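From just these sequences and the hints, can you work out the full model?
Which chain is which? The protein sequence lines are G, Y, L, A, W and P, in order.
Note that our numbering has the first sequence beginning at 2, numbered continuously upward.
Note that our numbering has the second sequence beginning at 2, numbered continuously upward.
Note that our numbering has the third sequence beginning at 2, numbered continuously upward.
Note that our numbering has the fourth sequence beginning at 2, numbered continuously upward.
Note that our numbering has the fifth sequence beginning at 2, numbered continuously upward.
Note that our numbering has the sixth sequence beginning at 2, numbered continuously upward.
Just so you know, the hints here were simulated from the structure itself, not pulled from any lab data.
Predicted, not measured: the structure shown is a model, and the values here were computed from it.
Check before you lean on any hint, since a few could be wrong.
Repeated chains share a single entry, so a pair holds when one copy, or any two copies, can fit it.
Said to hold, decoys possible - No more than 25 Å apart at the CA atoms, straight line, and that leaves these computed lysine-lysine pairs for BS3-like:
1) Lys63 to Lys104
2) Lys265 to Lys104
3) Lys63 to Lys265
4) Lys104 to Lys74
5) Lys63 to Lys4
There are 6 protein chains.
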Amino acid sequence: MMKRLLITGAAGALGGECRRRCGHLAEIIRVSDIADLGPAGPNEEVVQCDLSDAAAMMELTKGCDGILHFGGKAYEGTWDVVRTSNIEGMYNLYEAARQNGIKRIFFASSIHAVGYSPVTGPVDSQMEICPDSLYGVSKAFGEALARMYYHKFGIESVCVRIASALPQPMNHRNLATWFSYDDLVSLVERVFTVPVLGCPIMYGVSGNDRKWADNSDVDFLGWKPKDNAEEHRSRIADLEDMPPSDSPDFHYIGGPFVTFGIMKDDGSQS
Amino acid sequence: MMKRLLITGAAGALGGECRRRCGHLAEIIRVSDIADLGPAGPNEEVVQCDLSDAAAMMELTKGCDGILHFGGKAYEGTWDVVRTSNIEGMYNLYEAARQNGIKRIFFASSIHAVGYSPVTGPVDSQMEICPDSLYGVSKAFGEALARMYYHKFGIESVCVRIASALPQPMNHRNLATWFSYDDLVSLVERVFTVPVLGCPIMYGVSGNDRKWADNSDVDFLGWKPKDNAEEHRSRIADLEDMPPSDSPDFHYIGGPFVTFGIMKDDGSQS
Amino acid sequence: MMKRLLITGAAGALGGECRRRCGHLAEIIRVSDIADLGPAGPNEEVVQCDLSDAAAMMELTKGCDGILHFGGKAYEGTWDVVRTSNIEGMYNLYEAARQNGIKRIFFASSIHAVGYSPVTGPVDSQMEICPDSLYGVSKAFGEALARMYYHKFGIESVCVRIASALPQPMNHRNLATWFSYDDLVSLVERVFTVPVLGCPIMYGVSGNDRKWADNSDVDFLGWKPKDNAEEHRSRIADLEDMPPSDSPDFHYIGGPFVTFGIMKDDGSQS
Amino acid sequence: MMKRLLITGAAGALGGECRRRCGHLAEIIRVSDIADLGPAGPNEEVVQCDLSDAAAMMELTKGCDGILHFGGKAYEGTWDVVRTSNIEGMYNLYEAARQNGIKRIFFASSIHAVGYSPVTGPVDSQMEICPDSLYGVSKAFGEALARMYYHKFGIESVCVRIASALPQPMNHRNLATWFSYDDLVSLVERVFTVPVLGCPIMYGVSGNDRKWADNSDVDFLGWKPKDNAEEHRSRIADLEDMPPSDSPDFHYIGGPFVTFGIMKDDGSQS
Amino acid sequence: MMKRLLITGAAGALGGECRRRCGHLAEIIRVSDIADLGPAGPNEEVVQCDLSDAAAMMELTKGCDGILHFGGKAYEGTWDVVRTSNIEGMYNLYEAARQNGIKRIFFASSIHAVGYSPVTGPVDSQMEICPDSLYGVSKAFGEALARMYYHKFGIESVCVRIASALPQPMNHRNLATWFSYDDLVSLVERVFTVPVLGCPIMYGVSGNDRKWADNSDVDFLGWKPKDNAEEHRSRIADLEDMPPSDSPDFHYIGGPFVTFGIMKDDGSQS
Amino acid sequence: MMKRLLITGAAGALGGECRRRCGHLAEIIRVSDIADLGPAGPNEEVVQCDLSDAAAMMELTKGCDGILHFGGKAYEGTWDVVRTSNIEGMYNLYEAARQNGIKRIFFASSIHAVGYSPVTGPVDSQMEICPDSLYGVSKAFGEALARMYYHKFGIESVCVRIASALPQPMNHRNLATWFSYDDLVSLVERVFTVPVLGCPIMYGVSGNDRKWADNSDVDFLGWKPKDNAEEHRSRIADLEDMPPSDSPDFHYIGGPFVTFGIMKDDGSQS
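Below, the structure is given as structure tokens:
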């Protein structure tokens, strides 16, 4: 059991879920976000701060044993937003973690780091980087940074390329990509309780019949996803018409991101 | 033959060499650097500017057909320096290239993107990212960005993981890592004259007896390095005592970079 | 749901099974065979014709959306028979499909296309072609043709290398090779309902404990075989004495076909 | 030294070259073609006949030790032509070879069996079949048939996927694909003099700087191509303007074949 | 059903378990050990003898159909002990088996033949030999010897690299490495009842959530382990404090063996 | 330059060649054999002793920096001979080397460790162990032992699977397998002068046109064989009639060894 586990991005959906359900992993859970986090619960510490503030990050990470890093932009954004939160923020977090002696980090990477991979081919940890967005490029940066801190300083990280982490699968694409909250939480538990982690890359996806991701590299974690999006198929059929087969949803693992242009400050793309 | 070829970092050693010797590739060579470049030669345009200035980059790339991108920090630096020149600068350059319709870029990446790879194992384009420095992380970022611009916008780039580009091999490590100027120039020629490039990753290294890099992925370029560091062995033996066998020079392809800490503003490491 | 699904070879065992059980996949099922098919059922169209008749094939495929192609010779035959039904017939069908705008085909290929593969080695979609019979050669031809129509014209096909599709496993070899009718039907459903198919090669085999075939390439189909021949082991032990261990049944995935010679018109082999 | 070597397609360019230059491989060279072959030279036997005539093939192969099989259609054709000469003819030849005890065959296959392979990827003997034409499909058929006769009857064949066998490279694409007549002849010599051949697939291409084909599987042949198309680069630049970079010449190893439709009897395509 | 199955090392834990539970595999079970084996049970023959005695081995193996070879030193020992029992003894057994016509052997190899393999990497039959002890070297010798007797004389062996065969998992490392007695016995059954075995290398490990071993090479055996150490996790937590994460238990598959020196006669290590 | 290099088996052909030509690698060359070695030359020490004598080995290795290990049986022998010289002797040498602090060893392994590998397949360092003789098994043992001493104690060894080390190629098989004395000596030089060696497996074979061995794993050595057996082809044709194509010489890399039985004391085989 850790002394203190830091959760960044704790005001978000995944960070919030882990805030609610990972209390047993540490004596104290320190939650952080740029947004309001509400009052601290029992055994909780609440710190509102910005990943791009290096000094704040240094303070935030003091006294922690592990980090669940969900903070930063979790979707495509302008270069300024992506760079500030996912590149600058990632560096600030890892450098602070190093200086404060933190030894293990769960890094919420994304399938968008390899979004141009065809759905019909193999999807594993060795595949070539082929990001589908600035967001995806920032996650590739994050994985490279995590690897450097591992080789040079011994900080262990798992880079979890999260697919579609949602309470329920919501569309036909999610039949392959759904990552249930239960499976997320059980993965977090494994990551912080196995004796050795290294710095693996893996995919955050449930045990869906249609999943294309191969996680055999991390068999040693002993993590077994329990959910299967296929059980939601009839509900999805009610929610969404089957998209046309030339929809990018079904050709690339990045799905709609492959159609994005470069986002501008006014929200338009070019 | 291109209309206008842009060379960034043209005040540096490699950019300067290409400035002198690649005039035949385009009607006009536009050279650029943050440092002084001296007067323009025949068929040359000289533009002094900073990669981190997005507007200047947009101007700089106008009217160009191709880019030889040597600009940015070419060694380990503080995070601020690396981020500004190699991350911010790389984005500015590619985004400007996109908006100005440039279709092909020679990106001077570095072996330090995979610097922790053991010398005694295979070294090829599929190997895992394992940077040995913030500099190496910035090159991994650059490769990811180049891949994204290729898949999304069709801009072709070669990411050349340059080993030790020097007029002559200077130490025992260079027996494996030397990349001669002649071989650099012949590679540049191939990159800008082959009909199709794609977005390959390759190693910039001469035909040294001891080279560990496998470039068979880019056989289609038809590039054949002509130099061999082994011919310089006796001269090197005069220059440098053989380092002890536990020197990092001989264990990791990143050589001494694996021993670096994080550089601080005052030049010290931690 | 398709408008009209064509089933060739519908008078055979597999075609007949699909005729009975795949009615929900299309508004109309058009069944075809060179043999008598009996009267049309509800929502059925019955067309008796010969695969080797190009004009008849052009008629047969009109108005269809998809094809389940079981037609042709399903066992070793003389060259004349194999060529006429499996080579000439295959071409006629695909060319007619192209001209009539059909976009998806389930092609009943066979493990005999790779029948000389040792049972104790890996059996996957990348293995070398090594047919064990003229029948197997004709299936290799069929796969090549399907691939050409995919790359050139966008017609998607799955090439299912069917092992032993039977109501029940009947001998010791079937413990590895059985492909149950339920699993066949569920595979057909997946092939015609997934949004994207491409042109994969896979193995038609149930979830037998002893199956040697690896279908991980088509994980994206989400097909999960439900049957397991092992549950029939005691019944098989009653049916058949264990063959001697030098029986070809257990050395090559093609089993007894590897012992066949070239079949002559009088049914003898040489 | 063989007793009698049969050359099919001996009225064609490659067959003719071998007729002129392979006399030292056998006491008698038997040359055959559907076209006129002129009078027999010393130690020559001339037989005019048609591959699609099974009885003629049986006669033709009598008394031979080896076959150099260049016969059949060597370019895209209508289905009737391709099937007759390259499928029917191939079967007739191999079945006759079997009945007459011939043990080794040089089969002129073609890169068009894998014509849709990208030039920028690996090109080796294990790559997936992806023909670019009916011609390419017929060569895939031929390779499958050769493999079956090898495994079942011990007839050794080399399947040489010939690229561009020409007296000289004639265009920019040939810088990668040229297969010189000298290199063809030296390969033929090796194929008929090595003690063991097996049934390998290899690429017929000279030692061009830009060749993308990997023949390391047949290192045991000890064949070393001597020619290099690069030496013809300036001559080619005079002959042909560089095609635009979106020309299929440079994207797929099949080059222009990927743009072909299905050929009809009147020579048009659809 | 075999006539006579020999079990060596039958006084040990695994040999004893198989003695009790494998009676159905043969009409007679002949058990052997250097230690006392007690009286013969029904259908049992008891032979006390020493593996290093070649003449005794020749006698011991007479009239047998198969061998379950657990005999020899099952832990690190001095060179004299390891050489005598595991090298000399292994040779004596196989040579006697050959002379007495025995055709199938279950060889209890060990993960210590590859003990330096990192837990976080792939662990399969193709991995490099990297023994962690003289014991591990002796098992690598045994596998090489078994392979030679297979290729040269057709004796089939399975080389089972046993991990931690125990009645129950006893410590945290066993969560990955446990091999239950039930799973051992079901594997023995498969090995002696499949029609063809060849000479595969596989891992003896139960279906543990955390198992790192990949046995897909022997899918053809149809062996499905039923036990899972994870179900014992809470009991283990009571038995053993979690070792520190730098414990060799969690870094190498050989676990504590990687820390052993060379054992001397007095039991000390150097 | 080493202080003292030990050569075992120095009365043999390869050891003798190295005795004559490797004097420049160390101040003193200590030569050893069980046979008479004649008088010591300048800078030589001569020690006659037996590998199976552990105490003598301890003395022999004192004060040495490196070992060239050619000692032991270099051909198939009885088990007693092979075990004594190649197993017992190998252990004695490595254990003595460890106790005396020797850090680098050239181990003359043999292709007979993998002699059953087909000549027509890939031959590299990752291939499965498949010895063709007791001699080959002893070399597999030696490689396993060298690996253990490397991982556990840091002793670097190269395991050179020597093919046919001869003054000249003498038969048709040698066209593929010849390893010239010049190439042997240049390899020895590289092994003892590169700064880092690790514990690689490689093949000892010259740059023959027909060589099937792939040494790309040890590119970092910078060793380039200079000889090519093909230049001796006409001389060989005079020496030896081409063996029949079913000769084992041409099917397995172990050549005639695959036909050997187990050797008995009287020299006969069974």
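**Item:** Hints the structure fails to honour
**Value:** Violated: none.
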